[in-house]
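Listed below, chain by chain, are the residues.
There are 2 protein chains.
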Amino acid sequence: MQPPLHQACLPLAPLLGLWRGTGNGHYPTIDSFEYVEEVNFAHVGKPFVTYTQKTKSASDGQPLHSEQGFLRVVDGTTMEMVIAQPTGIVETHVGSYVSNGESFIVKFDSVEVATTPSAKSVEQVSRLVRIDQNELTYDVSMAAVGEKFQHHLEAKLQRVQAD
Amino acid sequence: MQPPLHQACLPLAPLLGLWRGTGNGHYPTIDSFEYVEEVNFAHVGKPFVTYTQKTKSASDGQPLHSEQGFLRVVDGTTMEMVIAQPTGIVETHVGSYVSNGESFIVKFDSVEVATTPSAKSVEQVSRLVRIDQNELTYDVSMAAVGEKFQHHLEAKLQRVQAD
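Protein sequence lines, in the order shown, are assigned to chains V and H. Residue numbers for the first sequence follow numbering that gives the first Met the number 0, beginning at 0 and rising by one. Residue numbers for the second sequence follow numbering that gives the first Met the number 0, beginning at 0 and rising by one.
Quick caveat, the hints were computed from the structure, so don't treat them as lab data. It cannot be assumed that every hint is accurate.
A pair counts as met if it fits within one copy or between any two copies, since identical chains are not told apart.
Stated by the list, open to error - Under the rule of at most 25 Å between Cα atoms (straight-line distance), these lysine to any residue pairs were calculated in the SDA-like manner:
#: 1; residue 1: K53; residue 2: P10
#: 2; residue 1: K147; residue 2: Q132
#: 3; residue 1: K155; residue 2: S56
#: 4; residue 1: K119; residue 2: D108
#: 5; residue 1: K147; residue 2: A41
#: 6; residue 1: K119; residue 2: F103
#: 7; residue 1: K55; residue 2: G44
#: 8; residue 1: K147; residue 2: V73
#: 9; residue 1: K55; residue 2: D162
#: 10; residue 1: K119; residue 2: N99
#: 11; residue 1: K53; residue 2: L127
#: 12; residue 1: K53; residue 2: S65
#: 13; residue 1: K147; residue 2: S65
#: 14; residue 1: K55; residue 2: G16
#: 15; residue 1: K106; residue 2: P116
#: 16; residue 1: K119; residue 2: Q132
#: 17; residue 1: K55; residue 2: S125
#: 18; residue 1: K119; residue 2: L9
#: 19; residue 1: K119; residue 2: S56
#: 20; residue 1: K106; residue 2: Q61
#: 21; residue 1: K155; residue 2: A113
#: 22; residue 1: K53; residue 2: V43
Let the sequences and hints guide you as you build the complete structure.
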């Protein structure tokens, strides 16, 4: 049985559920690509929300990327996020947010990006997430592998299942 | 349909599946506690294994901890792991391993532990994981909140479902 959302997580309520959509990515060091994406924001009644994500190639359906993490609210304007990626990258973020019932926007800027010894270098990541009722859009910018900070990913998803 | 395990992940094969068991934790700054745990190691055919974990209180069944991450093999003796925790903590690890069919042991030592501004400080984490056929045991040691590096968690789980 699903417990009620923890009161501290109320600003995260617009995120909850299963989302599906499509996105595209580009970066100077790689070929541009398109992907199909599934994102889930869930909770267990504790003061955090769980984030899981996976993408597949839009052309051949092969799995591409995956990431997992957690969000928690600090106060009325600030939240934090941590993310782990299978490519050996972890990120800690602080975000400024506005959450207003069915609409939500947060701009996360990385505080720290740590990588395992065999991973590619990533210096800085920003993640902008907007929700308008059942539509979620995001942009990811990053400075990585010696390139300057720049736009990397954008996607649009629809909520296909409530929490 | 489940794709075959990526060849690079063969040393991780003994981990795959759903595990359940119990553990206990202690640290100078908190009351000792017991927990029920569920761990899942899964893959999508890519060169990494996904790790998801959650615990509940052994006394009242309330959710306690949760963490998520990824493992990947570097070579015949070394693997890497990244983990995110809802308490605002991320860890990157390098581990020395021996994997031999049904038995497996890895000792992960943190390369970096990063925390969000509102999180408690964690300086160092080691995670020792042993598998003997369908039994998994682990120990976690850490240096946190100003305390010296010391044992924190131990647990024993049984594989309840193969991958």
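Hints, one by one, checked against the model:
{"no.": "1", "hint": "K53 x P10", "in the structure": "both (24 Å within a copy, 23 Å between copies)"}
{"no.": "2", "hint": "K147 x Q132", "in the structure": "neither (34 Å within a copy, 48 Å between copies)"}
{"no.": "3", "hint": "K155 x S56", "in the structure": "within (15 Å within a copy, 38 Å between copies)"}
{"no.": "4", "hint": "K119 x D108", "in the structure": "both (19 Å within a copy, 20 Å between copies)"}
{"no.": "5", "hint": "K147 x A41", "in the structure": "neither (34 Å within a copy, 35 Å between copies)"}
{"no.": "6", "hint": "K119 x F103", "in the structure": "neither (32 Å within a copy, 28 Å between copies)"}
{"no.": "7", "hint": "K55 x G44", "in the structure": "between (30 Å within a copy, 12 Å between copies)"}
{"no.": "8", "hint": "K147 x V73", "in the structure": "neither (30 Å within a copy, 28 Å between copies)"}
{"no.": "9", "hint": "K55 x D162", "in the structure": "both (23 Å within a copy, 21 Å between copies)"}
{"no.": "10", "hint": "K119 x N99", "in the structure": "neither (38 Å within a copy, 29 Å between copies)"}
{"no.": "11", "hint": "K53 x L127", "in the structure": "within (18 Å within a copy, 28 Å between copies)"}
{"no.": "12", "hint": "K53 x S65", "in the structure": "both (4 Å within a copy, 19 Å between copies)"}
{"no.": "13", "hint": "K147 x S65", "in the structure": "within (24 Å within a copy, 35 Å between copies)"}
{"no.": "14", "hint": "K55 x G16", "in the structure": "both (19 Å within a copy, 23 Å between copies)"}
{"no.": "15", "hint": "K106 x P116", "in the structure": "between (29 Å within a copy, 16 Å between copies)"}
{"no.": "16", "hint": "K119 x Q132", "in the structure": "neither (36 Å within a copy, 34 Å between copies)"}
{"no.": "17", "hint": "K55 x S125", "in the structure": "within (22 Å within a copy, 33 Å between copies)"}
{"no.": "18", "hint": "K119 x L9", "in the structure": "between (36 Å within a copy, 23 Å between copies)"}
{"no.": "19", "hint": "K119 x S56", "in the structure": "within (21 Å within a copy, 39 Å between copies)"}
{"no.": "20", "hint": "K106 x Q61", "in the structure": "neither (30 Å within a copy, 32 Å between copies)"}
{"no.": "21", "hint": "K155 x A113", "in the structure": "neither (28 Å within a copy, 30 Å between copies)"}
{"no.": "22", "hint": "K53 x V43", "in the structure": "both (21 Å within a copy, 10 Å between copies)"}
In summary, the structure is inconsistent with hints 2, 5, 6, 8, 10, 16, 20, 21 from the numbered list given earlier, while agreeing with the others.
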